[in-house]
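Peer 1: Each chain, written out:
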Amino acid sequence: AQSVTQLGSHVSVSEGALVLLRCNYSSSVPPYLFWYVQYPNQGLQLLLKYTTGATLVKGINGFEAEFKKSETSFHLTKPSAHMSDAAEYFCAVSVGNAGKSTFGDGTTLTVKP
Amino acid sequence: GAGVSQSPSNKVTEKGKDVELRCDPISGHTALYWYRQRLGQGLEFLIYFQGNSAPDKSGLPSDRFSAERTGESVSTLTIQRTQQEDSAVYLCASRRPSGTDTQYFGPGTRLTVL
Chain W
1 AQSVTQLGSH VSVSEGALVL LRCNYSSSVP PYLFWYVQYP NQGLQLLLKY TTGATLVKGI
61 NGFEAEFKKS ETSFHLTKPS AHMSDAAEYF CAVSVGNAGK STFGDGTTLT VKP
Chain Y
114 GAGVSQSPSN KVTEKGKDVE LRCDPISGHT ALYWYRQRLG QGLEFLIYFQ GNSAPDKSGL
174 PSDRFSAERT GESVSTLTIQ RTQQEDSAVY LCASRRPSGT DTQYFGPGTR LTVL
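Order-wise, the sequence lines are chains W and Y.
The first sequence begins at 1 in the working numbering and counts up one residue at a time.
The second sequence begins at 114 in the working numbering and counts up one residue at a time.
For reference, chain W alone in the conformation it holds in the complex (with noise of 0.2 Å):
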């Protein structure tokens, strides 16, 4: 069985500050790593994904994250911050083809002006 832990329910950032959201996984077989947003009573959207290949994978809106298999992380990473990207943040694992993914418990990002 595979799980998530993202560190920190609350990040909070100045506007044009790096952003750092953290998330480690723990899996028997390489999983595929995602990270997903959520605007306010909206669904989840993609950010970006890692499944195979290049361990630095660039998303939307200048996300990237990097597959660091030795720490079991999957860190978030954007920098420099913008008000448009206060929302809430969640890592997601899956292994083999059933997609079946598990969700951290979500980050919440605050953008201070």
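To be clear, the hints were calculated from the coordinates, so they are not data collected in a lab.
Mixed in with the good hints, there may be bad ones.
No more than 30 Å apart at the CA atoms, straight line, and that leaves these computed lysine-lysine pairs for DSS-like [said to hold, decoys possible]:
{"hint": "1", "chain 1": "W", "residue 1": "Lys58", "chain 2": "W", "residue 2": "Lys112"}
{"hint": "2", "chain 1": "W", "residue 1": "Lys100", "chain 2": "W", "residue 2": "Lys58"}
{"hint": "3", "chain 1": "Y", "residue 1": "Lys124", "chain 2": "W", "residue 2": "Lys100"}
{"hint": "4", "chain 1": "W", "residue 1": "Lys69", "chain 2": "W", "residue 2": "Lys49"}
{"hint": "5", "chain 1": "W", "residue 1": "Lys100", "chain 2": "Y", "residue 2": "Lys170"}
{"hint": "6", "chain 1": "W", "residue 1": "Lys69", "chain 2": "W", "residue 2": "Lys100"}
{"hint": "7", "chain 1": "Y", "residue 1": "Lys124", "chain 2": "Y", "residue 2": "Lys170"}
{"hint": "8", "chain 1": "W", "residue 1": "Lys100", "chain 2": "W", "residue 2": "Lys49"}
{"hint": "9", "chain 1": "Y", "residue 1": "Lys170", "chain 2": "W", "residue 2": "Lys49"}
With chain W held as given, fit chain Y onto it using these hints.
Peer 2: Quick look at chain Y alone, frame taken from chain W:
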């Protein structure tokens, strides 16, 4: 349609009543998932449909919960004898057959049990 749609968007019901939630997946997406999201929490897997295979019901919290899917189209999630702890947002997602493909989420149904 352009995306996954869910109805109703909001549902308020009284304890003990049955409710039915609907999900229309993206055309051609053989896989369909239901998740529950309680306030301030992550997504909790409920059930997964893949084509004509038997559904994975391992996440259903009790026998009051059931779901059906007709072929590769609409799915309904039914909650019988609702309880206050059933109050949550119920999210549906669909994807193409490959496990690496993205799950596309609907906007959810917010269920409030009084």
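Peer 1: Evaluate each hint against the coordinates.
Peer 2: Structure-based check of each hint:
This hinted pair checks out: Lys58 (chain W) and Lys112 (chain W) have alpha carbons roughly 24 Å apart, not beyond 30 Å. Annotation: proposed proximity of Lys100 (chain W) to Lys58 (chain W) holds, straight-line Cα distance about 23 Å (limit 30 Å). For the hint linking Lys124 (chain Y) to Lys100 (chain W), the alpha-carbon distance of about 27 Å falls within 30 Å, and the restraint holds. Distance hint between Lys69 (chain W) and Lys49 (chain W) is fulfilled; the C-alpha atoms sit about 15 Å from each other, no more than 30 Å.
In summary, the hint linking Lys100 (chain W) to Lys170 (chain Y) is supported, as the alpha carbons are separated by about 11 Å, within the 30 Å threshold. For a cut-off of 30 Å, the pair hint linking Lys69 (chain W) to Lys100 (chain W) stands: about 20 Å separates their Cα positions. Using a Cα cut-off of 30 Å, the hinted pair Lys124 (chain Y) and Lys170 (chain Y) holds, with the two alpha carbons roughly 23 Å apart. Proposed proximity of Lys100 (chain W) and Lys49 (chain W) is supported: the alpha carbons are some 14 Å apart, at most 30 Å.
Among the hinted pairs, Lys170 (chain Y) with Lys49 (chain W) is consistent with the structure: their alpha-carbon atoms are about 26 Å apart, no more than 30 Å.
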